[in-house]
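**Student:** What follows is the residue order along each chain.
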Amino acid sequence: MSQAVLFDTPGPRARRTILVANVVGGLVAAGIVALVLWKLGQEGQLEASRWTSLFTSRAWTNFFLPGLQNTIVAALYSVVLAIVFGLVFGLGRLAPLAPVRWVAGIVVEFFRAVPVLIMMIALWIGLGYADVLPPADLPLVSVVVALTLYNGSIIAELVRSGVFGLPKGQREAAAAVGMTHNQSLRLVELPQALIAMLPSLMSQFVVILKDSALGSIITFNEFLQLSRQFGAAEGNMLQALVVCALVFILINWMLTKLADLVARRLSRRTAGSTRPQLTADNTGAVVGEVR
Amino acid sequence: MNLFEQVGFLFSSYNIPAAFWVNIQLTFWAAIGALVLGTALGVMRVSPVPSLRWLGTSYVTIFRNTPLTVIMLFGVLGVWSQLKITFSQDFTVNFFIYAVVGLGLYHAAFVCEAVRSGINTVPLGQAEAARAIGLPFIPAARLVLLPQAFRGAVAPLGNVLIALIKNSTVAAAASVATETSSVMRAMIDQNGNLVVLIFMIFAVGYVILVVPVGVLTTSLSRKLAVSR
Numbered sequence: 001m002s003q004a005v006l007f008d009t010p011g012p013r014a015r016r017t018i019l020v021a022n023v024v025g026g027l028v029a030a031g032i033v034a035l036v037l038w039k040l041g042q043e044g045q046l047e048a049s050r051w052t053s054l055f056t057s058r059a060w061t062n063f064f065l066p067g068l069q070n071t072i073v074a075a076l077y078s079v080v081l082a083i084v085f086g087l088v089f090g091l092g093r094l095a096p097l098a099p100v101r102w103v104a105g106i107v108v109e110f111f112r113a114v115p116v117l118i119m120m121i122a123l124w125i126g127l128g129y130a131d132v133l134p135p136a137d138l139p140l141v142s143v144v145v146a147l148t149l150y151n152g153s154i155i156a157e158l159v160r161s162g163v164f165g166l167p168k169g170q171r172e173a174a175a176a177v178g179m180t181h182n183q184s185l186r187l188v189e190l191p192q193a194l195i196a197m198l199p200s201l202m203s204q205f206v207v208i209l210k211d212s213a214l215g216s217i218i219t220f221n222e223f224l225q226l227s228r229q230f231g232a233a234e235g236n237m238l239q240a241l242v243v244c245a246l247v248f249i250l251i252n253w254m255l256t257k258l259a260d261l262v263a264r265r266l267s268r269r270t271a272g273s274t275r276p277q278l279t280a281d282n283t284g285a286v287v288g289e290v291r
Numbered sequence: 001m002n003l004f005e006q007v008g009f010l011f012s013s014y015n016i017p018a019a020f021w022v023n024i025q026l027t028f029w030a031a032i033g034a035l036v037l038g039t040a041l042g043v044m045r046v047s048p049v050p051s052l053r054w055l056g057t058s059y060v061t062i063f064r065n066t067p068l069t070v071i072m073l074f075g076v077l078g079v080w081s082q083l084k085i086t087f088s089q090d091f092t093v094n095f096f097i098y099a100v101v102g103l104g105l106y107h108a109a110f111v112c113e114a115v116r117s118g119i120n121t122v123p124l125g126q127a128e129a130a131r132a133i134g135l136p137f138i139p140a141a142r143l144v145l146l147p148q149a150f151r152g153a154v155a156p157l158g159n160v161l162i163a164l165i166k167n168s169t170v171a172a173a174a175s176v177a178t179e180t181s182s183v184m185r186a187m188i189d190q191n192g193n194l195v196v197l198i199f200m201i202f203a204v205g206y207v208i209l210v211v212p213v214g215v216l217t218t219s220l221s222r223k224l225a226v227s228r
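Residue numbers (this note's numbering), protein chains in the order written: chain E, 1 to 291; chain S, 1 to 228.
There may be inaccurate statements among the hints.
To be verified - Listing some non-contacts, in silico: residues in chain E with all C-beta distances to chain S over 12 Å:
| # | residue |
| --- | --- |
| 1 | 22 |
| 2 | 28 |
| 3 | 76 |
| 4 | 164 |
| 5 | 175 |
| 6 | 198 |
| 7 | 268 |
Claimed, not checked - Just so you have them, the derived chain E footprint on chain S, three or more residues with Cβ under 8 Å:
| # | segment |
| --- | --- |
| 8 | 1–12 |
| 9 | 64–70 |
| 10 | 128–141 |
| 11 | 169–178 |
| 12 | 198–208 |
Unchecked claim - Residues from chain S that face chain E, not an exhaustive set, calculated with beta carbons under 10 Å:
| # | residue |
| --- | --- |
| 13 | 32 |
| 14 | 50 |
| 15 | 53 |
| 16 | 54 |
| 17 | 82 |
| 18 | 84 |
Hints were generated in silico from the structure; no laboratory data involved. All values derive from a computational prediction rather than experimental measurement. Each residue gets a CB set at the ideal place from its N, CA and C atoms; glycine is no exception.
Please model the entire structure based on the sequences and the hints provided.
**Tutor:** As structure tokens, then:
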């Protein structure tokens, strides 16, 4: 699509230029890879022993898998709680009563603006000082609460923009058949907005998974933290972090693909747009979609 | 101590504005890097050259799906301590540069997507009309397509900048000890009874930094919007 906008169908001369650029681009890519491999080799990072220990059962049963489990558990708790938070405050922002709208608006804007790490650290030390939880649970609870507050606010915005993003005709049709504002919201607009939101919710799960890695800063034994411990124990930090990054990339990439697939499947069941809203990392703020 | 005395005590014992200044500096340099790299990647991704498109797509897939914390730690624990690539003999400066590089590399992927979504807002008819009146490729891009694409990219770029301001706190993972999250941590460690107040000071600080950027880019993107 974007190619069609910028570029006409190439003629013979343009095709030659493209071919040359293609070869140059390929050479540059190969050059970058070669440079990285050369540097790794020079520092002795390519020695087989540094890589083989990554594929032992010890590495996975003691480090990588338990870490991954903690990451996924934290992310699942967070996404469920964030959806609840998001529905409550998203509907709050659509409430007919003005003070309810204001309060919901202030809460959502506040938690969207505060960095997740700031919340996590404050919760972690603050809850520890308040002495209300067993110390072993502190990191998990802090990670989940911080991720819930932040991503819940994003989901609240998704709920609101999902309802606003519906074609005007939906509301007008509901009014024309005699529905009140509340009935129209409950029976016509929300169901379609929620279906339209589903792909965006799935991309929000990617954001939650990525941000759960912040937990390693507050000693939460998630995937990154245990990968680090493994790297420190075996003396192959670089390699352990490569595995950690690759696993994150693979999971997040699959989730993104799945969200695209679901978006295409669902587009017939709603008048709203199901395109997963590009979330600029964890602004989560909606990109390009909200007009 | 009443509330005012507590606030006064915290501001006189710790240099809180200096901590925010570190984050603003991190954001500033990383934003420049991300804008340059991200725009180049965006152009690569919409070019008709397959190898460049592939490079751009791979970059975005890799960096958008890796947690920023992993990138930061990879810089300091992998590239710096294992590959011994040093930017400066001064540790503080060295880690600051590592944090800027990590933030820049990560957000470049999002800048690339913002640029691309800006280009996608331009209807095909605009390019066809430009070609129909005889404009060659470069004038068509310079006079008709790119001005509209930049206007469409303002709102998404604003969102990336907001993300960057908040993500600058992750520099803590790259051992930058003077930025806000590290300073806040030290303050709470030493004044556990004031935890709520300390958190609110930093939270409000970020609200003050982030909200105007959001308001500004939203109003700018409305003002610049191409009415179609």
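**Student:** Going back to the hint list, which numbers does this structure go against?
**Tutor:** Of the numbered hints given earlier, those the structure breaks are 1, 2, 8 and 13, listed in rising order.
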